Amino acid sequence: MDIIAIEKESFDSFKKKLERITSLVPKQPSNNTLCIEQEWIEGKELAASLNLPPRRLQHLRESGTLSFSTIGKKIYYRISEVKLLLEQGKINSK
5 MDIIAIEKES FDSFKKKLER ITSLVPKQPS NNTLCIEQEW IEGKELAASL
55 NLPPRRLQHL RESGTLSFST IGKKIYYRIS EVKLLLEQGK INSK
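Once you know that position 10 of the sequence shown is 14 in the numbering used here, the rest is easy, because the numbers rise by one and skip nothing.
The hints are simulated quantities; they were obtained by calculation from the structure and are not laboratory data.
From a predicted model like this one, the values you see are computed outputs, not experimental measurements.
Treat the hints with care, since some could be wrong.
As the list claims (entries may be wrong) - Below 25 Å or equal to it, Euclidean Cα-Cα: the simulated DSS-like pairs (lysine-lysine) are:
no., residue 1, residue 2
1, LYS48, LYS77
2, LYS87, LYS77
3, LYS21, LYS48
4, LYS94, LYS48
What the hints assert, rightly or not - Here are the simulated distance ranges between beta carbons:
no., residue 1, residue 2, range
5, ARG60, PRO30, 27 to 33 Å
6, MET5, ARG65, 28 to 34 Å
7, ILE25, GLU49, 19 to 25 Å
Cβ atoms here follow ideal geometry from the backbone N, Cα and C, with glycine treated the same way.
Required output: the full structure, derived from the provided sequences and hints.
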């Protein structure tokens, strides 16, 4: 790991520019609903949206109830499948 030292003024300037850029990026829905436009959702986001412990998602994966894909260390779920399981009552959101 490399350590890079920069002047405080340069860091503050960079930070302000980054904050301006992030303010231009559209915000994700914050009302605990799944974003329908997406086809996949990351596991942590899904657990937070449904107010489920991550262990519950792990159980659904291991039992074969909920299929998933992994990219690196992140686990993704198909939103359409999650919606179907919710409708069938196989996932209880709080």
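Hint by hint, here is what the structure shows:
no.	hint	verdict
1	LYS48 with LYS77	holds (12 Å)
2	LYS87 with LYS77	holds (24 Å)
3	LYS21 with LYS48	violated (28 Å)
4	LYS94 with LYS48	holds (19 Å)
5	ARG60 with PRO30: 27 to 33 Å	holds (30 Å)
6	MET5 with ARG65: 28 to 34 Å	holds (33 Å)
7	ILE25 with GLU49: 19 to 25 Å	holds (22 Å)
The earlier numbered hint that this structure contradicts is number 3, and it is the only one.
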